[in-house]
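Chains as they are written, first to last, in this note's numbering: chain A, 1 to 294; chain B, 1 to 740; chain C, 1 to 180.
Just so you know, these hints were derived from the structure itself, not from any lab.
Check each hint, because a few of them may be wrong.
A partial selection of chain B residues facing chain C, derived with a Cβ cut-off under 8 Å [stated by the list, open to error]:
{"id": "1", "residue": "HIS87"}
{"id": "2", "residue": "ARG214"}
{"id": "3", "residue": "SER236"}
{"id": "4", "residue": "LEU414"}
{"id": "5", "residue": "SER602"}
Note that the Cβ used here is the ideal one computed from N, Cα and C, for glycine as well.
Here's the letter readout for the chains.
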Amino acid sequence: MPENAWGWLIVTYLFLAGAGSGAFLSAVACDLLAPDWSKALARAGSLAAGPLITIGTSCLVFDLEAGLWEPWRQAYLVFNPTSMITWGVIILSGFIPVAFLYGLALNGITVIGKYFAKYVRTLEIVGSVFAVATAGYTGVLIAVVNGVPFWNTPLMPVLFLASAMSTGLAVAMIGAALIDVSTIKTLSNFALGHVIFLAVEAGVLMLLIFMSLTRSVEAATSAQMLISGALSPYFWGLVVVIGVAVPLVLSVVEYYEYGEMPKLLVVGADVCVLIGGMSLRALIIYSGTPPLIV
Amino acid sequence: MPTISRRKFLAASAVGTAALAVGPYVSFDAWAKAQNESQETKVTPTLCGACDNWCAINVHTKGDRVWKAEGIPGAGKNLGGVCAKGHGFLHELYNPDRIRGPLKRVGPDKFEAISWEQAFKEIGEKTLAIKEKHGPQSIFWLTHPQANHSLNGRFLHALGSSNMFSHGSTCFMPRNVGWWLTVGGKPEMDLEHSRMIVLLGRNPAGGLNLGSLREISRARSNGARMVVVDPRFNESASLADRWLRIRPGTDLALVLALSHVIIEEGRWQKEFVEKYTEGFAEFAAEVKKYTPAWAQEKTGISAAEIVQLARELAGYAPRVCVHRGYHGAMGTQYKNSLQLVRAVGCLSGLLGNFNQPGGLYFPPKPKLGKLDPKDYPKPPEVPDHMSDGSGDPDRYPLVPAGNGIAHAIPELALKGELKAGFVYHSNPIRTNPNPARVIAGYKKLELLVSFDYVLSETATIAHYILPEAFYLESDDVVYTSHSVRSAQVSIRQPVVKPLYDTKPLFEILKGMAGNLGIGEYFKFTLEEYNRASLAPLHVTLERLKKEGVIDTGSRWEPGPPKLKTPSGKLEMVSSILKDYGLPAIPTWEEPLVMPDPKDPHSFRLIHGKQAHHTHARTGNQPYLTEITTLNDWARVWIHPDRAKLLGLRDGDCMSITSTVGKGRARCRITEGIHPDCIFLPSGYGMFSRHFKFGKKHGQGGYGFGISYNDFLPTYFDPVLGHTMGNEIIVRVEKSTTRGA
Amino acid sequence: MPHYGIAIDTTKCIGCHACRVACQNQNGLAYDQEFNRIVERERGRYPSFAKEFIPLQCNHCENAPCQRVCPTGATYTTKEGVVLVNPKTCVGCKYCVEACPYKMRMIDHHKGIVVKCVMCIDLVRQGGIPACVSTCPTQVRIFGDLDDPNSEISRFVATHRAQPLRADLDTRPRIFYKRS
Ligand SMILES: Nc1nc2c(c(=O)[nH]1)N[C@H]1C(S)=C(S)[C@@H](COP(=O)(O)OP(=O)(O)OC[C@H]3O[C@@H](n4cnc5c(=O)[nH]c(N)nc54)[C@H](O)[C@@H]3O)O[C@H]1N2
Ligand SMILES: Nc1nc2c(c(=O)[nH]1)N[C@H]1C(S)=C(S)[C@@H](COP(=O)(O)OP(=O)(O)OC[C@H]3O[C@@H](n4cnc5c(=O)[nH]c(N)nc54)[C@H](O)[C@@H]3O)O[C@H]1N2
Ligand code: SF4
Ligand code: SF4
Ligand code: SF4
Ligand code: SF4
Ligand code: SF4
Ligand SMILES: [Mo]
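Please take these sequences and the hints and turn them into a complete structure.
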């Protein structure tokens, strides 16, 4: 029996790359649309993006074998324009420096940051393009795999994008809380973001499952694994309840309570989103089943 | 959920990152080393030793390491094929469990390395002492006869003993004797040109014969019909048009009924029967009572099926072939096996296929030369019968001396008639019935010498083990068994230098002979012996070693059959059986035992070969055990209806009990087996603690699986003394504890 | 330039696994590494019970997903239409393993790369035929040039309407099956 090739490192990679991009976009959104609400959130998001994406990318590198032992082989990674990994590498190697620069510039850290402060807008525009590309690409990466019918659908990128946005926002909000607890009150404005992204994510996920059940035997097998099979406890528990339902409810409440909600619950909602985001990717990877060939 | 490889778990953890950083350098060195080993390749033609077919192969070496094998296309027995064992056993050369030099047993399962000189000296003294005290007949030799059989015989006869045993009583005896009685020898089959092939109790796709398989494959491509008669859907049935699921032990009834139909409907080959057979009238009279309806009762095959099969056979005759059998139903598996072979012989007579295209024939054999007796004296004559009664008119007259009844050795040892034994290329403790008794018997011997290359079950109780060089390291004598359609000679030669302190058999015989006062009979070299063998054929040893297999001219030609029976005809009434007052016309004979139809736990235990294992001796080689592991193929077959009654689900563990043995195995529930029996693949149950390597790698090594011999009582067929290996009734129950 | 393929007649396969071990030796694989696999399928009830052994190996897809996703270009197709992995440039990302619909790629954790059936291209270029083809006792596999309409394989595929596995996946395999 062929062992399944991808494991936790790839799952983490998909998760962190998504969360990082989301964090970046949250920061940009905050900085552009609502600077007066919470500087902290913009700062947190901008500071988190670079490191998250970098760690994520190194997970991808650590999953390599010969390419890890003989690092120069990694140069070949950009050789095939039809490969999503090639595109990923290109996008990430563009995004990582931009993300770091943005972090430095927005927070005026070090001389570099101070110097680039005047280019913040440019970095935000360029970076946002990279961010959306990265978040979407993590979905496309597995969406093009016709070796796994369950993944092989255009819904994947949409799902990953939505999840990237909510996890990224969660990161930014937690970060903001850490930087300056007093902003928690104002954070509730952003809960609306969670509501929207989580709603989209939930919708797309439902669509994915339902379509898979009818699309092909193999996709159905995967979907079954999630909703009723071996993986169902994790799916319902970690993804649906903790990852979507709970934070969705909390966020709605948070939004209307306008900052009256206990701090722990605010942060709790974000932690839930992160747990859900990671679990979602893990479950999608591990539920992948190959086509029946004989 | 797909399994996550261990590497990934590591990788996931922080530790993993460190491990990954180090890991590569370890493995990469290993890899680099593998790459740097000399890539200079060489090809050596020789004969495979992974089973007893001795297929002709070209072995490729890279530097000093064996790399791969390819079949030699012209070789009669394998026609260019090589099986999984032929490939996988090349790695056995490097099995760490191999013996590295002569051993002396100094305690239960305790051995000490000794020099060849010491071994020869001590064996010489002990043997002579035993000969003095108990006479030469107290010495025996047991062997799986191969090319060098002639040399083994020379050695034993020089000692003055006629007790030369083969594995025949556990393998083929009724098949050989039955055909000898009926046509005067063991026929080959022109399967390739058959229009209809019937395999009855013979599974060349499991009990491999690669040449037959190639011929069957070609025959099928040319539109030949094929029917497989077997209680289970064996591997050959995958090649057939039809599978007849016969009740075990009842083939005789089927074959008699087929003859009945052919005769009743006047479809027999009149001219052939007229000219070349003896006793048709008596046979016709006998089979009158064996109607299809009667046979349906016995066999479970519908009368309609039987009539149809008979008509088909008659329709395609004489270009039809009912397989001449081997170990299966026509071998040593049943009490009525001899009658079955005789019946198949008679049926073949009715079909008139002897020496006809697509039928049976005697293969041409090359006439080998001999050493000149003037310079190389032949050993003195020995008694014409053996201690087990083989060749003795009053006991087992039909069992050829020189084959004997191998599984009688323990009895004779216990009775004190046999005192010293030389066991060559045989492992009776695992391959003979009822191991406990076999062990008791062999332990009684005052001297037991084994020549095994590993500490097999038998070797572990021997007093001395003189390891023969492995087949890839060894020379041997000229081999003629590739003579199928044409008379061929072939030879085994070293592919690599011996890895350890081992010797070719000839050197060992010579060494022992020198210390037994029979050195005069071995005053020649193997090379001289082989040159003498080849002399009349005008083939030089050099050419043979270069080409591996050589056609020596004579080919089989269809035509009027020349049969070697007393009457010179195919004897439907056997003159020899008549002389001994035995049933001379094939008659129905019940199997020895039958499962109790009212008891849901009662089954017949049947066994058979798998293509990737040899007897019970390849289960310590990972390249082969992995095939069992991947397919979970050590499981015991059972029919779904019977399984349901026992509350078994596929893969559940069963406990299996007979009057002599107990064991556990997991079940494979399949429609592909007759409800009356369970089927146990015969390649498992190795129990020598020295088989460690296979145990480390999947489903192999010591203690893995069970063997039919564990359940088989010690029987001696009244006429031929064979084991009757499938006459076992077992009680099957669902077990809670695990099994292979 | 010939385009090689293999026709597999499962009605002749006895599941003996000679092809598996022949391949392991030819390609220097460990006992637990495999480039080809035999699956066993049973169907029906006696008397219409039947069993099929189906040999599987890389299909050398003309439109190979493994090659499409390979970032390094280590996976490539030779001019003879054989899909190979370049051991010098493969990084071991395993994307191709996920992408192969037939799961005919194997990770060699010692070399840190992905390996698979190479259609014995070395042997073939020296005028030989693949090890799994020559060793087969029942000659289940037919190797040859798919471009030559008169080659044994082309005629076999034509007369028996041999089909690739999962043609619907549009991978355009070069391994064709005659199924029972
Ligand atoms: N792979 C491999 N090949 C070998 C060998 C090996 O060890 N491994 N050994 C070689 C040797 S020494 C021998 S003797 C031959 C043996 O080759 P075979 O004679 O084929 O021996 P088996 O496989 O024991 O039995 C053949 C078939 O008989 C069936 N059978 C059992 N009882 C009955 C019955 O009552 N009626 C009918 N019609 N069939 C029955 C079994 O189900 C089995 O499928 O193989 C030779 N080739
Ligand atoms: N359990 C079990 N018992 C069986 C059978 C079975 O399938 N399973 N089959 C029955 C049949 S058909 C037969 S023919 C008999 C065969 O049974 P045996 O005549 O006992 O022959 P093998 O079982 O092949 O044992 C051969 C022995 O020789 C050793 N050997 C292997 N290669 C070499 C070598 O190069 N040199 C030397 N000196 N020794 C070597 C092996 O390690 C093994 O111990 O068994 C019968 N009994
Ligand atoms: S059948 Fe297989 S194991 Fe036996 S001799 Fe031939 S190749 Fe070797
Ligand atoms: S060698 Fe031939 S018969 Fe044996 S498993 Fe392979 S394809 Fe089937
Ligand atoms: S079978 Fe798999 S590995 Fe082979 S070419 Fe097709 S996709 Fe690639
Ligand atoms: S593992 Fe090697 S062959 Fe496969 S996609 Fe990655 S680089 Fe290409
Ligand atoms: S073609 Fe060569 S590499 Fe491919 S499976 Fe056959 S033997 Fe192995
Ligand atoms: Mo045998």
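Next on the checklist: The hint names SER602/B as touching chain C; please verify it with the least Cβ-Cβ distance against 8 Å.
Outcome noted: violated (21 Å)
Checklist entry - Does ARG214/B pass the interface hint, meaning its C-beta sits closer than 8 Å to a C-beta of chain C? => result Holds: closest Cβ of chain C sits about 6 Å from ARG214/B, inside 8 Å.
Checklist entry - Against chain C, with CB atoms and a cut of 8 Å, does the hint on SER236/B hold up? => result Where the cut-off is 8 Å and the nearest Cβ of chain C is about 7 Å from SER236/B, the hint holds.
Item to check | Hint check: 8 Å Cβ-Cβ cutoff, LEU414/B to chain C | outcome: violated (41 Å)
Item to check | Interface hint for HIS87/B, Cβ within 8 Å of any Cβ on chain C | outcome: holds (4 Å)
The structure fails hints 4 and 5 (numbered hints given earlier, in ascending order).
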